[in-house]
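Asker: Here our numbering is used: the first residue of the sequence shown is 2, the next is one more, and so on.
It should be emphasised that the hints constitute simulated quantities derived from the structure, not laboratory data. We treat Cβ as the ideally placed atom computed from N, Cα and C, and that holds for glycine. Keep in mind that a hint or two might mislead.
Capping the alpha-carbon separation at 27 Å, the derived lysine-lysine pairs in DSSO-like fashion look like this [said to hold, decoys possible]: (1) Lys195 to Lys224; (2) Lys183 to Lys168; (3) Lys308 to Lys283.
Here are the in silico distance ranges between beta carbons for each label pair [said to hold, decoys possible]: (4) Glu223 to Ile303: 28 to 36 Å; (5) Arg245 to Asp220: 26 to 34 Å; (6) Arg245 to Ser345: 39 to 47 Å; (7) Lys277 to Ser452: 46 to 54 Å; (8) Glu111 to Asp435: 24 to 32 Å; (9) Ile344 to Lys277: 24 to 32 Å.
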Amino acid sequence: MILRGKMNSILIKNGLLVTMSKYGVISNGAIYIEGDRIRLIGKSKEIEKECSPEKVIDASGMAVLPGLINTHSHLYQSFLRGMVDTAPLVNWCEEVLYPFCRMVLEDAIEGDDGLVYYSTLLSCVEALKSGTTTIVAMEGVIQGPAVVKALKNAGIRGVYALTLADKWIRRDIILPTEWALKRSENLIKKYGEKDKISFMLAPSTPFCCSRGLLKKIVDIAEKHGVGIHIHVGETRYEVDYMKRRTGMGPLEYINSLGLLDVHPFVAVHCIWLDDKEIRILKERNAGVSHNPESNMKLASGIAPVKKMLNLNIPVGLATDGPASNDNLDMFEEMRTAALLHKISSLDPSIISATDVMMMATKLGAKVLGMDKEIGSIEPGKKADIILVNLMKPHIQPLSDIFRTLVYCAKGSDVDTVIVGGRIVMRHGKLLTIDERELLRKVMKIAEEKLSKLNEYRKPREPIKESDLQALS
2 MILRGKMNSI
12 LIKNGLLVTM
22 SKYGVISNGA
32 IYIEGDRIRL
42 IGKSKEIEKE
52 CSPEKVIDAS
62 GMAVLPGLIN
72 THSHLYQSFL
82 RGMVDTAPLV
92 NWCEEVLYPF
102 CRMVLEDAIE
112 GDDGLVYYST
122 LLSCVEALKS
132 GTTTIVAMEG
142 VIQGPAVVKA
152 LKNAGIRGVY
162 ALTLADKWIR
172 RDIILPTEWA
182 LKRSENLIKK
192 YGEKDKISFM
202 LAPSTPFCCS
212 RGLLKKIVDI
222 AEKHGVGIHI
232 HVGETRYEVD
242 YMKRRTGMGP
252 LEYINSLGLL
262 DVHPFVAVHC
272 IWLDDKEIRI
282 LKERNAGVSH
292 NPESNMKLAS
302 GIAPVKKMLN
312 LNIPVGLATD
322 GPASNDNLDM
332 FEEMRTAALL
342 HKISSLDPSI
352 ISATDVMMMA
362 TKLGAKVLGM
372 DKEIGSIEPG
382 KKADIILVNL
392 MKPHIQPLSD
402 IFRTLVYCAK
412 GSDVDTVIVG
422 GRIVMRHGKL
432 LTIDERELLR
442 KVMKIAEEKL
452 SKLNEYRKPR
462 EPIKESDLQA
472 LS
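Let the sequences and hints guide you as you build the complete structure.
Answerer: In structure tokens form, the structure reads like this:
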């Protein structure tokens, strides 16, 4: 039976399919897409006989694989790339992040969302052009509409992790708790599960949130059926602080408050968790987001990824924010992850290219609770697909495709990006955004805003609920 091409039907043919599923690697393979889902996969000659598509993409000389999944980032930080090189996490926050956050808050209160919108959109464009089709954006709640608008306009699949905190950080960047919680609920109700956008709640860290706030976050997550996303075990300072204050490690503490009852639960970093806490991750079916380049730059440490994988704890890969990475290239992240664990263990067999690709695709989807929809190329799943040009001097001659993609390929080798059946990039050109115009706008705003950053280094008056009336 020939499947008649419906609107938005696409045939990708003659490619090297790397399915990350039971279908394995298919040479001279084809994928037939209808609407936002994959309908058929197989050999090109067979699939071509069974469909009559609206569009045909010849993938000769290309690897065709699931879109990469970045399980943790802070998209608004793109304007901060390259600003700090020699500071650990706490100093980096004080020198750069907190002043920038205060600037963002004041802009939002004044009704100016340009800084957040364009910094987030810039990150979305960078992510898409390097092959990421799903990204977790851990961002503040005050800038909600601007973040949603950027994700939607770029055409990326976004998981907006709404960041909440009420202690430890600079007082003038903490929002009134009840206002922030209400704002979070309103954003989830207004924008959730629309235009490829979903939500999680993101208590910043165990030590930045009071016991009361953490319990309220659990209640709201369960009420709205959303997951929890949290930095945990990122630094030795955090572990020492939590043990002094609570007598428990950071993950053990939040588990005692019920956070790991919520699914999906994403534990970001997990560098300094002890064996007891790693077992908790396993027992509670939690997922981990591994951010090797950011952890290396901030000298935070190395997560025990192999130990987690051996326990069948799903570990996804992530870049973290552009301020601490300083890019969003998941191909670079894959290569770094593989090399880091080999050298730190002095064991070249500890982690393979296939392991790392699984972390960037199928395992990443599982971490986010989205593995029934994305992360592999299979009939019935969302059509989130990228084409990688293999006809490059740094790639040929081709041997093992997994090793080639992890150690040889670069984000700039991505030729075509499809998200939910929509072609958002073709032959390296973004189809959703005018890239030149975006860069002109970004450079203008960055020049204006960053020149004033020093003015925000000194803490200002705390934000009151009355300051936020226009945003409610």
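Asker: None of the hints should be skipped; say for each whether it holds.
Answerer: Now for the hints, and whether the structure bears them out:
no.	hint	in the structure
1	Lys195 to Lys224	19 Å, holds
2	Lys183 to Lys168	18 Å, holds
3	Lys308 to Lys283	11 Å, holds
4	Glu223 to Ile303: 28 to 36 Å	34 Å, holds
5	Arg245 to Asp220: 26 to 34 Å	28 Å, holds
6	Arg245 to Ser345: 39 to 47 Å	28 Å, violated
7	Lys277 to Ser452: 46 to 54 Å	48 Å, holds
8	Glu111 to Asp435: 24 to 32 Å	27 Å, holds
9	Ile344 to Lys277: 24 to 32 Å	27 Å, holds
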